[in-house]
Every structure is written in structure tokens, then in C-alpha cells.
Amino acid sequence: MNTATPARRRGKAAPAVSAGPFIQCRNLTRTYKMGDTEVKALRGVTLDIREGDYVAVMGASGSGKSTFMNLLGALDRPTSGELVIGGERLSGLSADALAAFRSRMVGFVFQQFNLLPRTSALDNAALPLVYAGVPAVERKRRAEARLQQVGLGDRMDHQPSQLSGGQQQRVAIARALVNDPRILLADEPTGALDTRTSAEIMAIFDRLNADGITIILVTHEPDVAEHARRKLTFRDGVIVEDRT
Amino acid sequence: MNPLAALPVALNSLRVNALRSLLAMLGVVIGVGSVIVMVSISEGAKQAVEQQIASLGANLLVVRPGSSAFGGRRGGAGTATLLTDADVDAIRNEVANVAAASGEIGSSAAMVAGGTNWTTRIQGVNEDFFRVRDWRLERGRLFTAEEFRAGARVAVIGTTVAEQLFGVSDPVGQVVRIGNVPVEVIGVLQSKGQSAFGTDQDDVAFMPATTARSRVIGFTFNQRDPVFAIYVELAGGANPAHVQADIEELLRIRRNVLPGAEDNFNVRDMAEFIRARNETAAQLGLLLAATAAISLIVGGIGIMNIMLVSVTERTREIGLRLAVGARRRNIRDQFLIESVTLCVTGGLIGLLAGVAGTMVVEAMGQFPVAIHPMVAGLAIGSAAFVGIFFGFYPAHRASRLDPIEALRFE
Ligand SMILES: Nc1ncnc2c1ncn2[C@@H]1O[C@H](COP(=O)(O)OP(=O)(O)OP(=O)(O)O)[C@@H](O)[C@H]1O
Ligand SMILES: [Mg+2]
Chain A
1 MNTATPARRR GKAAPAVSAG PFIQCRNLTR TYKMGDTEVK ALRGVTLDIR
51 EGDYVAVMGA SGSGKSTFMN LLGALDRPTS GELVIGGERL SGLSADALAA
101 FRSRMVGFVF QQFNLLPRTS ALDNAALPLV YAGVPAVERK RRAEARLQQV
151 GLGDRMDHQP SQLSGGQQQR VAIARALVND PRILLADEPT GALDTRTSAE
201 IMAIFDRLNA DGITIILVTH EPDVAEHARR KLTFRDGVIV EDRT
Chain B
1 MNPLAALPVA LNSLRVNALR SLLAMLGVVI GVGSVIVMVS ISEGAKQAVE
51 QQIASLGANL LVVRPGSSAF GGRRGGAGTA TLLTDADVDA IRNEVANVAA
101 ASGEIGSSAA MVAGGTNWTT RIQGVNEDFF RVRDWRLERG RLFTAEEFRA
151 GARVAVIGTT VAEQLFGVSD PVGQVVRIGN VPVEVIGVLQ SKGQSAFGTD
201 QDDVAFMPAT TARSRVIGFT FNQRDPVFAI YVELAGGANP AHVQADIEEL
251 LRIRRNVLPG AEDNFNVRDM AEFIRARNET AAQLGLLLAA TAAISLIVGG
301 IGIMNIMLVS VTERTREIGL RLAVGARRRN IRDQFLIESV TLCVTGGLIG
351 LLAGVAGTMV VEAMGQFPVA IHPMVAGLAI GSAAFVGIFF GFYPAHRASR
401 LDPIEALRFE
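Keeping their order, the protein sequence lines are chains A and B. In this text, residue positions in the first sequence follow my numbering: the first is 1, and each later residue adds one. In this text, residue positions in the second sequence follow my numbering: the first is 1, and each later residue adds one.
With the rest of the complex left out, here is chain B:
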């Protein structure tokens, strides 16, 4: 006999005891529902991290001066000798699998256009910077390598700066003053929105670093063409660890680090860094999911209880089925299918409840959430597992009944 032939019997007995079945399912409904909400929160956190990484620019390495012991006492970032445009060129030209690289040097300054002024971050970069950090152009154009070399007085501005200085009118072609230097706005960038740290990424203006150093940044350096950091974009498919090692080797030579001495700069894989920083969040999500799984276990115990009651109530029925030729496994399958049907029905209701709960969490706006299509499988799979696991003992007990004693049972 095909075990599925017991399905109509199972559905019938659930229908006959509809209220009781519903109450018995409740634990599974709540368990599956909360597992789904928790998984969606943890998934949301994961996607938020990936978004951060994407807005940073894919495959990004960041080189900064200073000791590799981040924030350590050993001098600390900034006190060491700065990196330079020459380092940028060396990395671009001598390291394999580098797609692009740009230095960055910046300070904050007031920009004046007509009667309005706005203080923003002025970043000196090279022509590669926009692709490295994944900035896209909204209108106008970016500056070229020639303009970089020539120290052209041009700027590409973020949307916040554009709005503050020009309102609704087109900034492209307009001239702004920084200090007393006139600078032409040649492009406006697409908005990136808020960063993970809550700062407005669009409140920024980019100029050739050559121009920024000589015209905007007021203080002097004891080095030629310094930059505060170098951003490196890896070629597609490159191994970040290999490129990182190559850059380290190159810079140790260029910066005269003796063999065995500590690096006076550090190279970080930003994606790695962000993932590590968010690992705790992901772990918290998993912990919550584990807590939710415990409620699923409690639900399973409820199922086991109701199945034991059902087996006892239907002892005579079991005796009769045995008398008319049912094998032990037929009886076992019947009750297993009943318990799985009960749990899977609960799992489906829990799935709906979990999706609804996730939407409520989303509406509250406290956590980023993401409903992965896989949760449907998770709901049904975990419910079926609970049904089999907690239904097995009652079903086994039913199948071990002695036909005569079962028939005689009052």
C-alpha cells in the first residue's frame, strides 16, 4: 500500500477535529513564523552589508600611511610619511591585476556661487577615482588625465552641494569660488545617499588633486604631491590577498622599510573589513533564529502530545485496521502522515504569519529586512521535519499495538 493513500484519512481526521488540530498547530505556526522573521532580519543585515560594499566600489583595497596595527599607539595613522602621487602611479603601473588607482586628499572648505555659500568636503583625486569608488555621473562630465596633470580648475560635485548652491538650476558650466579661486563645475554625480555611518555621501566636491593641493588645501607638506589615502580597484577575478601582498612589497621598497621592520603603511581589503565589522550583527540574527527554532521544538512537543492523544483515542480503529490486514508499517505511515500534514499545514500558516510579521518589522523601520524566496522551503521543510521527528514516536507506538488488545480497548 502506497503511504500516500493515507493522506485522505489524515486530512479527514484533521478536519473532524478542526479546532483541536488548529490549537495543536499553533506552536508550529508560531515557531515557523518567528524563524522566518528572524531569518529575514538576518538576511536584511547581510544585504545591507553587501550594499555598503557595493557603494564603496567593488574589489577595493585602501592604502593608508601609518602602522598596520589599526589605531594602535605605535605612531598611529597620519603621523607617518604620507603616500604620494608617485606611489599611485607605481601601483598602477607595477602591480599586476590593478584595474585603476587614485589618491585622495581632502579638506573642508566653503564654496561660493553667486550669493550663496556652502561648506563641504573638497576631495582631491585623480581621473580614476570615480570608477574606483563607483561614482556615476548624473550630468556634465568628469575631468580627464590631462586636466589632472595640468591642475585644471574644475570640480565635479555631489547632489547635495548642487542643490545647496544652485537649487533647481543646472550647475554644469557655472563657476564657484573656493577661497578666491574660481572653479568651473563640469559635472554632477548621481546620489549615493547616506553612508553606513549616517553621513551624507553626496555632500562632497571632487577636484584634481593637483589643483586641490595648490589652490584649496591651505597647509603645507614636507613632501611632493602627497595624498592621504590610495584607493585601488582590482581587476575582475583577481585575488585580493595576492594584490595586497604585491602592493605591500612594492611600498616597502619605495618607503624604505627594512626587512623585518614593521610596515609604515597599511593595505586593507574594504569588503573584508566591512564584513568583519558586521559579523556580530549576522551572528545576533543567527542567535535569534536559534531561539525561534526552540519555539519550533516546543511546537513539536505539542504535536507529539496531540498525536499520542489521537493514537489512544483511536486504539480500536487501529485494532480494526490490523484485523483487516494492515501491516505495522501501514499504521505507522498513517499516523506519520497525519502528523506531517498537521505540521506542514501549520508551517504554511506560519509562513504567511512570518511574512506578515516581517512586513510589520519593515514598516517599523528599525531593521533592514529581506525576504529570501528560500524561506518558503525553510518553513515547509522545518515543519515537515518537526512532523516526522515528533510524530515518529506516537506513530511507532500505534504500530506496535497488539490487534486484540487494541480491539478490546474501551
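Chain A with its partners taken away, still in its complex shape:
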């Protein structure tokens, strides 16, 4: 319906002439306390990511990838260290300020899709707009446009249980995009999908990145990581490899 959207995105993504890199991580740590024991999930991550980049995050299970993604997505706060995204320092923000930041800046795609059951694809895709205070008519218009964009124009009224895994993940991508975020964070987005469906999802990501959105995705599969321009490898809470 709204095919003008990619063009708008391209305009928005013109390399930002900003004071610093788009994402700046300085010596980030995250320690989980469980009773008396402490788990050091991140032990000092320092890294810059420029706007429009396409980053794959790899590493063994438990190496801290998801912990890192949660910090980037403002779902969690670092134990120590500095995190600045789009000129905004996240370290000191309140829970509600972080929610506002997420609403404005990030879209999430999860391995388990996390769609609301018994709710139509359209309503699922429109959910973030509810919390952004967008009026109902506009919500519908924008969610429809995003569902078209991921190739689900003919499945708007389907509920998650009536959709295949790949289709559910597309609804989740439409939902992640509906707020026009500048960063798309995907934690193992193809982890629950077969090879062919994975390829379709990755094709969508490639197109989005070509339109200018910054994508950071966690994956265990080398051929998925091949889609990215930059590859980070985590081990025991630190980055051990950073290849472009």
C-alpha cells in the first residue's frame, strides 16, 4: 500500500554527520547476581558501530551475546561502562525513559517471534504504535504498509496460530519496523526456522539494511552471518574477534 516508505527510509539513513559514532560502547560490563554467586556475562566490551552498518554477533552459547543485545536495545542496563546511542547516554535513564527510547529507536526480532496469541497479524504489527500514542486509523495504515513490505499483504487478518513459522517471523519484523526505528536488533531470528525460510528472512534483512537501517543480529549459523558486513565473535563476555 505505502510503497513510498523505503524511499523515506533511504533519505533518513544518509550517513549521519554526528559528533561521534552512532553506537558507542565503552568498557561495558554486566554482572548477574544470583544469591551469593555472581555471573559475569559481559566483562568489558568496547566497540563503535556506525549508522547503517550490518553486524553479525557470533560466539558459543553463554558467551554473552544476548546480554550485549539487551544492553543495545535498552532492555537492560550495564553494571558498569558507558553506552551512547544516537547521541543519547543510556546509562543513567529511568525505566520509563528507556521504554521511550525503545519506542523511538529500536525494533526487536526474537527467536521465538513473541507474537500475541489470538490477535491478528495487523494488530500484532501495530502494537508498538499503541504505546507511541499513534491514533487508531494511522496505526492501521502504518501496520498495513509494513506487512506489505514483508510480503504479508494477504495475511493481515490471520492469527499467529494460522501462520507458518516464517510468516510469524515476518509479522514480528513488520512489528519491529512499524515505529520507523533506526536500529533493528535480532537475537537468532532464524534459529527456529528451516534453511529455506531462513534465506527468505535474511533477504528481507538485506533489503532493510540496503534502505539504511542499522542491523545487529545474533546467529550461530555461518551462512546467516555471511549476510552481514561486520562479524563480532564473543567468548566469555568479551569480543575476541571483530572482522569486516
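A couple of the hints might just be wrong.
Unchecked claim - Here are the in silico distance ranges between beta carbons for each label pair: (1) A/P222 to B/R329: 43 to 49 Å; (2) A/G44 to B/A384: 48 to 54 Å; (3) A/G35 to B/A384: 38 to 44 Å; (4) B/A384 to A/T119: 23 to 29 Å; (5) A/G87 to B/E410: 35 to 41 Å; (6) B/I301 to A/R235: 48 to 54 Å; (7) B/T312 to A/A60: 28 to 34 Å; (8) B/A384 to A/A95: 25 to 31 Å; (9) A/T46 to B/T312: 38 to 44 Å; (10) B/A384 to A/P135: 24 to 30 Å.
Unchecked claim - A few chain A residues that face chain B, going by a derived Cβ cut-off under 7 Å, partial list only: (11) D76; (12) R118; (13) Y131.
Simulated from the structure, these hints should not be mistaken for laboratory data. All C-beta atoms, glycine included, are put in the ideal place defined by N, C-alpha and C.
Assemble chain B with the ligands onto chain A, guided by the hints.
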């Protein structure tokens, strides 16, 4: 985000778990329903009291001889000097804010009409009596002040007496005999029905007290023109306590009560008296309503329980909503609205159940009931209050969830 935007979400989640929602509501339904039945019974009692007061005559003071310690040992009512027609006139003429006053003296006697006879209460009163005690005329006429003064042989009878003596034919203009005195029936009064004490108020005949004393009442008094009681109607807007005090002052002088001595008569505000007598009934109604409110609390605990279950079940959903930008208060509002919707729906069902229950009570005829339109507000208001009060903790808990832990919840 407008909190009401969560309403469709709330309704949807109630619909999806329809049976569970219904069971969770049951406590609120029963609570609201019983509150309504109890309030209706207590309201019915209150209205019955007001009806009694109204049938007594509005703004009525009653003066009787005897000590003010009601039923006390100190002589007791009746042994003291009786009141008189002169007292009636003094009250009428000298006390401010008295609209009308009548003495009353009575005894029971047989009335004979043609071949039938009927024993009834004969009350000697003056022409003011009918308005003071709120008796209305059905047919014929009342007697006049002249007839009172002249001791005319006329009577105004209640419907029971009319039926007993004359059946369906018109009593007005007929002559009855009381003892061997012929008396003309000049009017029939409208029915008042049963009194609060279960006596038939219409089984009565009224005559001028002058006539009744000389012709009907067989015993003699050591006083001129005595009456057993004086009924006083207050002027509209008068303060009963002031008028009562004025009458007391007047009668103390007239009856030679020394300063500091006990009154040998008493003046009562009848409305006050009836209200006081029925206070226990009203209090019982309130006690029952309080008991019903406890069942509402139990219902609320049921709601709280189901909301806690719902929050736990939907932890991942909460995590997702937080991840896509929901503020804590959005989550809290969503669950609060859900709990209020649940309770208000229960309250509406309870309202219907309560009204139906009240009608059953009415049909059983044990208690007077009255459904006040306000109960609808009471039902919805108390249900909404329960929803907010018992929904708050689960909603607060939902809003405090950590987005990551919530998303990870299995
Ligand atoms: N909420 C938590 N409480 C305690 N420890 C945690 C918590 N979340 C993660 N951890 C620990 O932190 C470490 C890093 O976890 P993380 O989820 O970031 O790993 P990952 O690289 O995403 O692994 P996977 O590939 O299996 O998803 C692990 O040792 C994990 O057990
Ligand atoms: Mg992980």
C-alpha cells in the same frame, strides 16, 4: 496512551477465558447481589416507618396526662388529672406554630343499625381531629365546630364499621343507636388499613367529644370536659422541639406544676418516637448489609487471585509489551482495567441477581422491601471499587516486571 485504549484488550482476554472469568466473577456477583437484597430490606423498613408516620399525621405532637417517665412506677399514665377541652383551646390559642389540635376520649360501645349491631371504638374528638390525624373523607361530611359545641348527635365512621352495619348500602344519612341514643351517620372515612401494631384502624367511629362524653361514655369524671389525650398538628416548618417546650410551659402553669417538680403530663413527638422504636430494625438491616459486604470482600480476593494467575500466565506478553515501548503505567493500567471490567461485569450480573432476589423476598411477604434506584450505582460503584482495590496489587506486580526476565519466562 489513553488508559481506556486497554479496554478492548481487557474485554478480549475476558472473552478468551470466558468460563474462568465467569467463575472468578461469581464472588462479586454474590457479594453485590446480597448487598442489594439487604439494602432493599433495610430501605423497605425505613419506608414502612415513614408510612406509619404519615398515616399518623404529619408533624404530630401527642400530649397525655401522667409522668414523663413512660410506663414508670411514678403514678403512671391515667392516674393523674386528665387534660381537658380547655387545655385544647389554650394550646390552640396560646401556643405559636400550632396549626390545629384536638382532644380524644373514647370507649368501646355497640352500634345498632336496623337488625345488625357492631361493637367498635367510639372516639370523642373535635372538628380539628380529622386533619390532625390525617383522616380523609370518603363520602358525606365531617362535623363542624358548631356541632361540636352543641353536642350534636352525629358520627363519622370508618369503612369497617360501615361495612359491618350497612353492607353495600350508603350509610350517610342513616341513624344508628348507641345504647339508646340515636345518632346520625354524616360521613364515611377513607380506609387507613392496618396499623403498625396490626389493629384495624378503620374499625372506629368519631363523634363530637361533647356528645360522646354525655351520651356514650358511661362513667363519670371529677373534671369538666376531660380528654384522654391531645393531638397537636404543627404549622409547616415549625420546630417540634420549640413547640413541645412551649406546650410544656403552658401546661405546667395550667396544671399548677411547681418549679422544679416533675411534669404531670408528657408531650411526645410521635414521628421521633416511631423512628426510635424502629431504629433497631434499621440497624439490623445495616448489619446484614455489612455481612453482605464481607462476601464482596471474599469476591474481591477471588478476583485478586485470578488476576495474579493471569499476570503469571501472560508474563511473556508483558515482557513483549515492555520491549516495544510500553511504560510501566501502561502495563499497570491494562491489568487494572481488566480487573475493573471483570468486577463491573460481575457487578451488573449481581445487580440483576439482587433485584431478582429482592423480588423473591417481596413475594414471600415477610419483610417490606423497597428497591431504591440508587442501588444500581451502589452495585457498579462497589464492584468498581473492588476491582481497583483488589486488582491493584496484581497490576502493580505486572508493571514491576523486568522486561528481559519477563520475555524469557517459560
Ligand atoms: N538473568 C540471568 N541471571 C543469571 N545469569 C544469567 C542471566 N542471563 C544470562 N545469564 C548468564 O550470563 C551468561 C551469558 O548469557 P547470554 O544469554 O548472554 O548468552 P548467549 O551468548 O546469548 O547464549 P546463547 O547462544 O545460548 O543464547 C550465561 O552464563 C548465562 O547463564
Ligand atoms: Mg542468547
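Are there hints from earlier that the structure breaks, and if so, what are their numbers?
none
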